[in-house]
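Chemist: These are the residues of each chain, in order.
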Amino acid sequence: MNQIYIGIRSVTYAQKGMKLLQREGISAQLTRLPASLSPGGCTYALRLGEKQLKLALLHLQKGGVDTGKLFVRSGDSWQELHR
Amino acid sequence: MIYLDSAATTLQKPPEVGRAVAAAVGKLANPGRGGHAAAMAAAEEAWACREAAARLFCVPEPEQVVFTANATHSLNLAIKSIAAAGDQVLISSYEHNSVLRPLTALGAKLLIAQAPIFDAAGILDRVWEHLKKQPRLAVICHVSNVFGFVLPVEEISALCRERGVPLIVDASQSAGVLNVDLRRWGAAFVAMPGHKSLYGPQGTGLLLCNHPALPLLEGGSGSESRLPHMPELLPERLEAGTLNMPGIAGLRQGLNFVTRKGTDRILAHERMLLRLAVERLSENSRVMLYAAQEQEQQTGVLSFKLRDMDSEEAAQRLSERGFALRAGLHCAPLAHESVGTLEGGTVRMSFSVFNRPEHVFRLAEALENL
Numbered sequence: 213m214n215q216i217y218i219g220i221r222s223v224t225y226a227q228k229g230m231k232l233l234q235r236e237g238i239s240a241q242l243t244r245l246p247a248s249l250s251p252g253g254c255t256y257a258l259r260l261g262e263k264q265l266k267l268a269l270l271h272l273q274k275g276g277v278d279t280g281k282l283f284v285r286s287g288d289s290w291q292e293l294h295r
Numbered sequence: 003m004i005y006l007d008s009a010a011t012t013l014q015k016p017p018e019v020g021r022a023v024a025a026a027v028g029k030l031a032n033p034g035r036g037g038h039a040a041a042m043a044a045a046e047e048a049w050a051c052r053e054a055a056a057r058l059f060c061v062p063e064p065e066q067v068v069f070t071a072n073a074t075h076s077l078n079l080a081i082k083s084i085a086a087a088g089d090q091v092l093i094s095s096y097e098h099n100s101v102l103r104p105l106t107a108l109g110a111k112l113l114i115a116q117a118p119i120f121d122a123a124g125i126l127d128r129v130w131e132h133l134k135k136q137p138r139l140a141v142i143c144h145v146s147n148v149f150g151f152v153l154p155v156e157e158i159s160a161l162c163r164e165r166g167v168p169l170i171v172d173a174s175q176s177a178g179v180l181n182v183d184l185r186r187w188g189a190a191f192v193a194m195p196g197h198k199s200l201y202g203p204q205g206t207g208l209l210l211c212n213h214p215a216l217p218l219l220e221g222g223s224g225s226e227s228r229l230p231h232m233p234e235l236l237p238e239r240l241e242a243g244t245l246n247m248p249g250i251a252g253l254r255q256g257l258n259f260v261t262r263k264g265t266d267r268i269l270a271h272e273r274m275l276l277r278l279a280v281e282r283l284s285e286n287s288r289v290m291l292y293a294a295q296e297q298e299q300q301t302g303v304l305s306f307k308l309r310d311m312d313s314e315e316a317a318q319r320l321s322e323r324g325f326a327l328r329a330g331l332h333c334a335p336l337a338h339e340s341v342g343t344l345e346g347g348t349v350r351m352s353f354s355v356f357n358r359p360e361h362v363f364r365l366a367e368a369l370e371n372l
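If you read the protein sequences in the order shown, they are chains P and E.
First residue of the first sequence? That's 213 in my numbering, and the numbers climb one at a time after it.
First residue of the second sequence? That's 3 in my numbering, and the numbers climb one at a time after it.
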C-alpha cells in the first residue's frame, strides 16, 4: 500500500495532529519531509496509509490542525497529491 | 537546614523531578530540529508537558502553552506583546519588579490600584476607577510575593472583560496553590515560573497565551526555516532557540505531582502552617506580623519584622541557626511602599508542601532566642 505524507508547519502541530488521529483510531507516524519537497524548509509530516487519508484530513481540519501539501510515496518515488 | 523560602524557589522537589532531569540529559535531543529518535523523544516530552499544563490551567489547546526561562521572561513577552511606549497600564500596588521594570523601560504611564494590605474590596474599587480611563492593558499579580495577599483576580478579570481591557495575570505565587484558569478569566496571558509551586527546576517558566503575541527573541524555530522572520503559529513563534529539555522534563513531573496532590490540598496544608506560624509568632512581643484576618485573603507567604532588629540582620542570624528565609524588599518595592515597610523591608517565610509544623515551631523558638 502507498504511504501518504501530510505536511504540517511545525513539530508541535504535527504532534497535535498525530495525537488527534490516534484518538480517532488512525495510526499515524511523525516524520520529516525530504528537503526537496519542503518549500518552507524543515517541514514535518504525518505518515499514514492511503486508505485513511480522507478521514484523517477531516479529523485534522475539525481539530484545528492546518495541513500543507500532500505527498504519496511509492518505493523511492514521491508525487504530490492534489486535493 | 529548614527551608522557608519557597516563594523564591522551592528547594525540595518531588524525587521524580530530579530523576526526569537526569534522565533527559543524554536522552532528549533538540525537539523540532530533526527526525531522529532522540529529537522525536524530545518533541514528545515537550508536547506532554504542554498537555499537562493545559489540563491544570484550563488552557483550550496545548500549543497555547509556551515554554519560557522563568516568570520574568513570560511577563516580558506578554507585556511587550500588548503595551507600547506612552500607553496607560493599570497595575496593582503589589506588583513585582518583573512587571514594574519592563513597564518602566517601555515608558508606560502607570495607573496604580492602591489599597491597604489584604483589602481585596479596596483593590477592586481602585481597579474599577482606573479601568474607566480605558488603559491599554492591566497587569495584576494573583498573590503578592511579599505578603501572600490574594488579589481578587476573578472579579478583576470580569471588570477587564467588561471594559475590553486585556489582562495579564502574574501567577508566580499562585500556580500550583490556587486555581489558575485561563479560560474562565479570559485573560490575554497568564505568566508563571516552573520552579516555585510547580516544583520544576529553575530555568523553566510558562506563558499561557490567549492573545496575539510578539516574539521577544528571533532565531531558529525548527520549522519553516526559509522564513526570514519567526513563524506565525504558537508556540514556536515565542520559542526561538533550543528549549531547556531537562528542565521541561522535570517541570512535567512537577505539574503531574501538583495535579495528583490537588491544589486544594496543597493550599490547605500551607494555610495550616501559616495559621501555626501566626499563632506562635504572635506570642513573641518582638515580632510584628503582616497577617490577614481571614485565611482566604492569604496564601502560605508571611512577612514579619522584629521591633528591635534589622530585617537583614535577623535573616542572617536565622541562617546561621539553619533557617532559610529571605529579607529585604523581595524585588517588590511597590508592595513594601503600600504597607509602609519600604525602609528596612521585612523577613519573609514561605512554605511548600514539604514543610511540616515542626519547622514552624523550631523557627518560633529560634526567634525567641535571637
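Take the hints with a grain of salt, since some may be wrong.
Only pairs whose alpha carbons sit at most 30 Å apart, straight line, appear in this in silico DSBU-like list of lysine-lysine [claimed, not checked]:
| no. | chain 1 | residue 1 | chain 2 | residue 2 |
| --- | --- | --- | --- | --- |
| 1 | P | Lys231 | E | Lys111 |
| 2 | P | Lys231 | P | Lys281 |
| 3 | P | Lys231 | P | Lys274 |
| 4 | E | Lys82 | E | Lys111 |
| 5 | E | Lys135 | E | Lys111 |
| 6 | E | Lys263 | P | Lys231 |
For the record, the hints were derived by calculation from the structure and aren't laboratory data.
Being a predicted model, the structure only gives us computed values, none of them experimental.
Chemist: Does each hint fit the structure? Answer for all of them.
Modeler: Against the structure, the hints come out as follows:
Among the hinted pairs, Lys231/P with Lys111/E is inconsistent with the structure: their alpha-carbon atoms are about 45 Å apart, more than 30 Å. Note on Lys231/P and Lys281/P: the hinted pairing holds, with a Cα-Cα distance of about 20 Å set against a maximum of 30 Å. Between the alpha carbons of Lys231/P and Lys274/P the distance comes to roughly 13 Å, so the proposed pair stays at or under 30 Å and holds. A hinted pair counts as satisfied when its Cα atoms are at most 30 Å apart, and Lys82/E with Lys111/E qualifies at roughly 14 Å.
A C-alpha spacing of about 12 Å is found between Lys135/E and Lys111/E, which places the hinted pair at or below 30 Å, so the restraint holds. Annotation: proposed proximity of Lys263/E to Lys231/P holds, straight-line Cα distance about 26 Å (limit 30 Å).
Hint violations for this structure: number 1 only, all remaining hints satisfied.
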